[in-house]
Amino acid sequence: MADIFVAGNKEKPIGKDEKRLDYRIPGIKKVKGRFYSPFSSFCYFPLGVKFVSKDPEEEIVLFLRRHWITNVGWIMVSLILLFAPMVLSGFPILSFLPDSFQFIAVAIWYMIAVAYTLESFLGWFFNVCIITDERVFDVDFINLIYREITDADLDQIQDVTVRLGGAIRTIFNYGDVIIQTAGEVPRIEFTAIPNPDKAAKILRELRVEEEVEKMEGRVR
Amino acid sequence: METIPLINVSVWLIVKIFVLFALGLYIIFAAVVVKQVGLMIKTIEVGFEAPIKFVAWGHLLFAVGIFVLAIIIL
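Protein chains in written order, with the numbering used here: chain A, 186 to 405; chain B, -9 to 64.
Hints should not be assumed to be uniformly reliable.
[Said to hold, decoys possible] Simulated crosslink set (SDA-like; lysine to any residue; CA at most 20 Å straight-line):
no.: 1; chain 1: B; residue 1: K6; chain 2: A; residue 2: S285
no.: 2; chain 1: B; residue 1: K32; chain 2: A; residue 2: K386
no.: 3; chain 1: B; residue 1: K43; chain 2: A; residue 2: T302
no.: 4; chain 1: B; residue 1: K32; chain 2: A; residue 2: I334
no.: 5; chain 1: B; residue 1: K6; chain 2: A; residue 2: P283
no.: 6; chain 1: B; residue 1: K6; chain 2: A; residue 2: W294
no.: 7; chain 1: B; residue 1: K6; chain 2: A; residue 2: Q365
no.: 8; chain 1: B; residue 1: K32; chain 2: A; residue 2: F236
no.: 9; chain 1: B; residue 1: K32; chain 2: A; residue 2: I278
no.: 10; chain 1: B; residue 1: K6; chain 2: A; residue 2: F286
no.: 11; chain 1: B; residue 1: K25; chain 2: A; residue 2: F286
no.: 12; chain 1: B; residue 1: K6; chain 2: A; residue 2: A290
no.: 13; chain 1: B; residue 1: K32; chain 2: A; residue 2: I330
no.: 14; chain 1: B; residue 1: K25; chain 2: A; residue 2: K386
no.: 15; chain 1: B; residue 1: K6; chain 2: A; residue 2: D336
no.: 16; chain 1: B; residue 1: K32; chain 2: A; residue 2: D336
no.: 17; chain 1: B; residue 1: K32; chain 2: A; residue 2: L232
no.: 18; chain 1: A; residue 1: K235; chain 2: B; residue 2: N(-2)
no.: 19; chain 1: B; residue 1: K6; chain 2: B; residue 2: I56
no.: 20; chain 1: B; residue 1: K43; chain 2: A; residue 2: A300
no.: 21; chain 1: A; residue 1: K239; chain 2: B; residue 2: F38
no.: 22; chain 1: B; residue 1: K6; chain 2: A; residue 2: I278
no.: 23; chain 1: A; residue 1: K386; chain 2: A; residue 2: Q365
[What the hints assert, rightly or not] Only some residues are given here: those of chain A computed to face chain B with a beta carbon under 8 Å:
no.: 24; residue: P223
no.: 25; residue: F236
no.: 26; residue: L279
no.: 27; residue: P283
no.: 28; residue: S285
no.: 29; residue: I327
no.: 30; residue: I330
[Stated by the list, open to error] Here are some chain B residues the structure puts well away from chain A; computed CB gaps all over 10 Å:
no.: 31; residue: P(-5)
no.: 32; residue: N(-2)
no.: 33; residue: F11
For the record, the hints were derived by calculation from the structure and aren't laboratory data.
All C-beta atoms in this analysis are idealised placements derived from N, C-alpha and C, irrespective of residue type, glycine included.
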């Protein structure tokens, strides 16, 4: 008998290198691709990302960072700092100083600009959250002399809250995911991440999977 | 050249000392950046380590360069 409804398989066959493309995140239809840029804010199965204390079998499911729009503030300030000496060169602000001191004053200004830009960039770049198939890992680069690294096993997670509010956050769809754990650190916060609902959903599904693994005795 | 009457020292010499002190502090800051970047790269690798290291070291060398230049020209 002829089939009336045949589901067309339009997907390309998965090559050897793309094997992990087929990895299905529970609750998410399918991972479409593994495009990864070091500046990604939301990335499934990022290539080449490693973190301290990662187990060899452990797989990074989701890599998160603050949404790029949160960088607009410091980028604007950096541009102002960069162009201010050129704009102000028409005004005799430093004219009371000898020429050599004027030169060093401008150099110091640019050093402050570079310091501000570099610290802001590093604060964004190294402030990452990683969800693996075993745990969540949060690196908080608070400032140059203070950083905090927290991790919690998935089975220690008790509650996941998504916080999304305000016009800008709603327009660009980013917000906070707050994780309550039964571990030593009772609260892990992923701040201003893109697609917080998706991240929370993945986390929820991974927890369910972890519980199933536990029941089946497949815990690593 | 303006001098401070009591101690008979040039004002600009005192300003130079303050500037060099500030630049010295800045070199320490730049060295902390290099150290912190190294630690963060050890903590997490995302595939952009070499350019960040380059910028951190370039920043330190820039700070040292300005310090040396300040000693010479001030």
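Each hint, compared with the structure:
About 10 Å separates the Cα atoms of B/K6 and A/S285, which keeps this hinted pair within 20 Å; it holds. Straight-line distance between C-alpha atoms of B/K32 and A/K386 comes to about 30 Å, which puts the hinted pair past the 20 Å bound. Restraint check: the Cα-Cα separation between B/K43 and A/T302 comes to about 15 Å, which is no more than 20 Å; the hinted pair holds. Restraint check: the Cα-Cα separation between B/K32 and A/I334 comes to about 13 Å, which is no more than 20 Å; the hinted pair holds.
Proposed proximity of B/K6 and A/P283 is supported: the alpha carbons are some 12 Å apart, at most 20 Å. Restraint check for B/K6 and A/W294: satisfied, since their Cα atoms lie roughly 16 Å apart, inside the 20 Å limit. Between B/K6 and A/Q365 the CA atoms are separated by roughly 54 Å; this puts the pair beyond 20 Å, and the hint is violated. This hinted pair checks out: B/K32 and A/F236 have alpha carbons roughly 8 Å apart, not beyond 20 Å.
At roughly 45 Å between alpha-carbon atoms, B/K32 and A/I278 are farther apart than 20 Å, so this suggested pair is violated. The hinted pair formed by B/K6 and A/F286 meets the criterion: a straight-line CA distance of about 8 Å does not exceed 20 Å. Note on B/K25 and A/F286: the hinted pairing is violated, with a Cα-Cα distance of about 31 Å set against a maximum of 20 Å. This hinted pair checks out: B/K6 and A/A290 have alpha carbons roughly 11 Å apart, not beyond 20 Å.
A C-alpha spacing of about 16 Å is found between B/K32 and A/I330, which places the hinted pair at or below 20 Å, so the restraint holds. Of the supplied pair hints, the one linking B/K25 and A/K386 is violated, its CA atoms being roughly 37 Å apart against a limit of 20 Å. A distance of roughly 49 Å separates the Cα atoms of B/K6 and A/D336; the hinted pair therefore is violated under the 20 Å criterion. Under the criterion of a C-alpha separation no larger than 20 Å, the hint pairing B/K32 with A/D336 is consistent with the structure, at around 16 Å.
At most 20 Å may separate the alpha-carbon atoms for a hinted pair to count; B/K32 and A/L232 meet this at roughly 17 Å. Between the alpha carbons of A/K235 and B/N(-2) the distance comes to roughly 61 Å, so the proposed pair goes past 20 Å and is violated. A distance of roughly 13 Å separates the Cα atoms of B/K6 and B/I56; the hinted pair therefore holds under the 20 Å criterion. A hinted pair counts as satisfied when its Cα atoms are at most 20 Å apart, and B/K43 with A/A300 qualifies at roughly 15 Å.
Distance restraint check for A/K239 and B/F38: the Cα-Cα separation of roughly 19 Å lies within the 20 Å cut-off, and the hinted pair is therefore satisfied. Of the supplied pair hints, the one linking B/K6 and A/I278 holds, its CA atoms being roughly 19 Å apart against a limit of 20 Å. Of the pairs offered as hints, the one joining A/K386 and A/Q365 holds, with about 15 Å between alpha carbons and a cut-off of 20 Å not exceeded. Hint on A/P223 holds. Least Cβ distance to chain B is approximately 4 Å, under the 8 Å limit.
At a threshold of 8 Å, the smallest CB-CB gap from A/F236 to chain B is about 5 Å, leaving the interface hint in force. Taken as an interface hint, A/L279 does not check out: its beta carbon lies about 13 Å from the nearest beta carbon of chain B, beyond 8 Å. Because the beta carbon of A/P283 sits about 7 Å from the nearest beta carbon in chain B, less than 8 Å, this interface hint is met. Interface hint at A/S285: satisfied, since its Cβ lies 4 Å from the closest Cβ of chain B, which is below the 8 Å cut-off.
Here the hint on A/I327 is broken, as its CB sits about 11 Å from the closest CB of chain B, past 8 Å. Interface restraint check: A/I330 against chain B, minimum CB-CB distance 7 Å, threshold 8 Å, status holds. Listed as a non-interface residue, B/P(-5) keeps its Cβ farther than 10 Å from every Cβ of chain A; the least gap is roughly 20 Å. Remark: the non-interface label on B/N(-2) is consistent with the geometry, its nearest Cβ contact in chain A lying 20 Å away (cut-off 10 Å).
With a least beta-carbon separation of about 12 Å from chain A, B/F11 lies farther than 10 Å from that chain, consistent with its non-interface assignment.
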